[in-house]
Amino acid sequence: MSTGNFENWAGNISDIGPIYPFVGSEVFLWILGLVLWIAWHVIETKRENRTYEEEVRKYGDPENLRRLISEEDPKNP
Amino acid sequence: MDNELTALGIIFTEFYYWLTVVIMFLIHVGFCMYEVGASRHKNHMHTLMKNTMLIPLVTITFFFFGWWIYFAFPNGPGITGPLLGGDDTAHAVPWSEVMGPHMGGQDELGAGWARINGVFWAAFLLFSWTAASIVSGSVIERIKSTGFWILAVGIGSVWWIIDAAWGWHSAGWMVQILGYHDAYASGVIHAIAGGYALGILFVLGPRIGKFATDGTPRNINPRNPWLVTIGLFLIYTGFWGFYVACNVPMWDIQAGDGVFFSATNIYLAPTTLSGITVNFLMSLSGGLLMGYIVSRGDAFWTYSSGLAGIIAASAGNDLYHPIQAMVIAAVGVVFMYRLHYFVERTFKIDDAVGAVAVHGYAGFFGVVIAGFVLWGYPSSPDTEFASINPLGQILGAIIMFGVLGFLPGWVTAKILAAFDLLRIPRQVELMGLDTAARAEITGDERAIIQAEREAITGGR
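Chains as they are written, first to last, in the working numbering: chain A, 1120 to 1196; chain B, 25 to 484.
Be aware that one or more of the hints could be misleading.
[Unchecked claim] To give an idea of the interface, some chain B residues facing chain A are shown, with a C-beta separation under 7 angstroms as derived from the structure:
| id | residue |
| --- | --- |
| 1 | 27 |
| 2 | 31 |
| 3 | 125 |
| 4 | 182 |
| 5 | 451 |
| 6 | 452 |
| 7 | 459 |
[To be verified] Below 25 angstroms or equal to it, Euclidean Cα-Cα: the simulated BS3-like pairs (lysine-lysine) are:
| id | chain 1 | residue 1 | chain 2 | residue 2 |
| --- | --- | --- | --- | --- |
| 8 | B | 438 | B | 234 |
| 9 | B | 372 | A | 1165 |
| 10 | A | 1177 | A | 1165 |
| 11 | B | 372 | B | 438 |
| 12 | A | 1194 | B | 372 |
| 13 | B | 372 | B | 234 |
[Unchecked claim] Here are the computed distance ranges between Cβ atoms for each label pair:
| id | chain 1 | residue 1 | chain 2 | residue 2 | range |
| --- | --- | --- | --- | --- | --- |
| 14 | B | 39 | A | 1142 | 25 to 33 angstroms |
| 15 | B | 467 | A | 1132 | 36 to 44 angstroms |
| 16 | B | 43 | A | 1182 | 50 to 58 angstroms |
| 17 | B | 26 | A | 1138 | 32 to 40 angstroms |
| 18 | A | 1165 | B | 467 | 45 to 53 angstroms |
| 19 | A | 1165 | B | 232 | 23 to 31 angstroms |
| 20 | B | 39 | A | 1146 | 51 to 59 angstroms |
| 21 | A | 1132 | B | 442 | 50 to 58 angstroms |
| 22 | A | 1138 | B | 111 | 34 to 42 angstroms |
| 23 | A | 1125 | B | 345 | 20 to 28 angstroms |
| 24 | A | 1123 | B | 249 | 51 to 59 angstroms |
Quick caveat, the hints were computed from the structure, so don't treat them as lab data. C-beta: ideal position from N, C-alpha, C; glycine also.
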């Protein structure tokens, strides 16, 4: 039993084609990859927007912004 | 693979492209360092991650559809023929067996594609990263990662590879009809990426404070010039791999009877590694020398001009005399430097790292100038193809910078902006993109210091 399409390296090597397991599943793997890719963008988009909303809520008042910007000022000790 | 000479040729070619990939990786290391060095302290981590994550996103999408585009689109489609399929794309569709580890035996494509497909794909992929990374630097400190990564997939896995199919493929319609010649990608990578970045910048807008109320631009200088320096040196280093990856190392170029093996450019026309090495160094030097003069010794622009010099000469660096390469590089630097400040002042464009100038304007210049200097040269070994000419190169530069670069960048950015996926909130821009992460780090540090104080007095 082998998940590949060969069970040993004996014989004529040039008869062996693909050496990865589950040959024949390539289209399924491609669709799976596309789904994972799109899902990643969806998750990331929601997370990034939520992060900005929280940051604005926690740190975005004018007084705090003035404090943060003054910390960037090179003249500020 | 059943005789030593054939096997040697295939395995050498496989190793050759593999090596170019490793060297080209340094381009991306350089871009990351450069961008972080150019950003302000409050945005370092976000800037780094924005660029880093384009690597996996462009990689997987280039596997899913980018590689197929290169082999399916050389005819336009609809300009010199239909969308290609069948044997022309059999090795490049994502479900092809030769996209994975393969011994070549059972496959009709033979041992050559089975061995070389993966490394050839990877070499093109590293070009894709470069195209996306060029855009990344220009938009720092105010773009949403979400929006940028969608734009990165667009330039890295769609638009640049369409232009490669048109103007870089040995049977591309631009090569056939226009006599388009762009051996080391002045237009195919640099002009398109610069144009794409400019299209985005028009929609994205400048950083807060970049322009005075009367419209006068202010310099937001690199916060870590040493990191910028190392970054640009690494990009120079990786560029060696880029040049070599644009060649085919060993090909029978003899037309008719007989055999003559040589290195070729991407169009399978003869060149030598020795020749392009000299021209690379001479164009780098021409760019640096002129950059130092026009920028009055500004380190940021001098280094960038070295890169711009290479880019300005790249379209014809397979054929130029070294001193021609040096002069073209120097003139290209003047062009891109002057145009950068003209566009900045006129259109209020905030290109944070000068990427539109260094890649876009210098690349555009490089494509056009090759049409004059190489006028009448064959664009391809195929004698039916148009020869290199100024009009073909001017049209080619417009297609690269404008049609496949600026336009898709502008349209995609408009769509993203309409869905509020392009620009970060104003308050976040003011406080800095790393504010929450920095607050967390500060909180952890305070907690640890407190724990250490307690440990002195016998606590745990």
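When the structure is checked against the list of hints, which entries are broken? Sort them ascending.
1, 2, 4, 9, 12, 15, 17, 18, 20, 22 and 23
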